[in-house]
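Use these hints to put chain B onto chain A, whose structure you have.
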Amino acid sequence: QKEVEQNSGPLSVPEGAIASLNCTYSDRVSQSFFWYRQYSGKSPELIMSIYSNGDKEDGRFTAQLNKASQYVSLLIRDSQPSDSATYLCAVNMTGNTPLVFGKGTRLSVIA
Amino acid sequence: NAGVTQTPKFQVLKTGQSMTLQCAQDMNHNSMYWYRQDPGMGLRLIYYSASEGTTDKGEVPNGYNVSRLNKREFSLRLESAAPSQTSVYFCASSGSGQGHQKLFFGSGTQLSVL
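Residue numbers (the numbering used here), protein chains in the order written: chain A, 119 to 229; chain B, 5 to 118.
With the rest of the complex left out, here is chain A:
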């Protein structure tokens, strides 16, 4: 069973702090990794993708990938109340197969 694991939260951080969201995956040969943000009652939207080991930065967001540890994370710097949402980790595993999603981590940024 190919799995993507996330802590369901809620993760509460004060406004202005760094929020750290974590994800582990079971398939060692996974190639592509994505973070989606989902506001309550809305559809998921892609915010970050990462394909190689290391860090990838986009504005206040940084995705980190460690394939040896089968671990991918999302850091949100200077967290804002508008960042309060559920963050879904998604992994493309072996072959030409659809993404596998984690169950999501609910983030709450407290003003």
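Be aware that a few hints might be false.
In the DSS-like style, the derived pairs of lysine-lysine whose C-alpha atoms are separated by at most 27 Å in a straight line are [unchecked claim]:
id, chain 1, residue 1, chain 2, residue 2
1, B, Lys-13, A, Lys-221
2, B, Lys-18, A, Lys-120
3, B, Lys-106, A, Lys-174
4, A, Lys-120, B, Lys-106
5, B, Lys-106, A, Lys-221
6, A, Lys-174, B, Lys-75
Just so you know, the hints here were simulated from the structure itself, not pulled from any lab data.
In this text, all values refer to a predicted model and were calculated from it rather than measured experimentally.
Then chain B, alone, in the frame of chain A:
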């Protein structure tokens, strides 16, 4: 730029009734998907179509059928609805054939089966 459009947005069915959820994308994507989302369960893949003319089962296909009508449209049919099918349904599409990457989602359908 509409992206992925799915209809209806809300639907209430009685047990045993049938219905079809419609989905269309205008991004010239090859791949399309149907997911359901239940509280605490995340997104679970029902069926997908890697390209026009092909469909494959996902994680939870029982009780559903799909049709890839053309490159733009991918419908999901419930032949005999059951309360266990109460959920939020999302259609999605992606343009990358290898890896089914970078999904774009429709706005969702809230379905209640009584």
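Consistency of the hints with the structure:
1. Of the supplied pair hints, the one linking Lys-13/B and Lys-221/A holds, its CA atoms being roughly 23 Å apart against a limit of 27 Å.
2. Between Lys-18/B and Lys-120/A the alpha-carbon distance is near 35 Å, which puts this suggested pair outside the 27 Å criterion.
3. Only pairs whose Cα atoms come within 27 Å are accepted, and Lys-106/B paired with Lys-174/A is accepted, the gap being roughly 16 Å.
4. The hinted pair formed by Lys-120/A and Lys-106/B meets the criterion: a straight-line CA distance of about 19 Å does not exceed 27 Å.
5. Proposed proximity of Lys-106/B and Lys-221/A is supported: the alpha carbons are some 18 Å apart, at most 27 Å.
6. Restraint check: the Cα-Cα separation between Lys-174/A and Lys-75/B comes to about 33 Å, which exceeds 27 Å; the hinted pair is violated.
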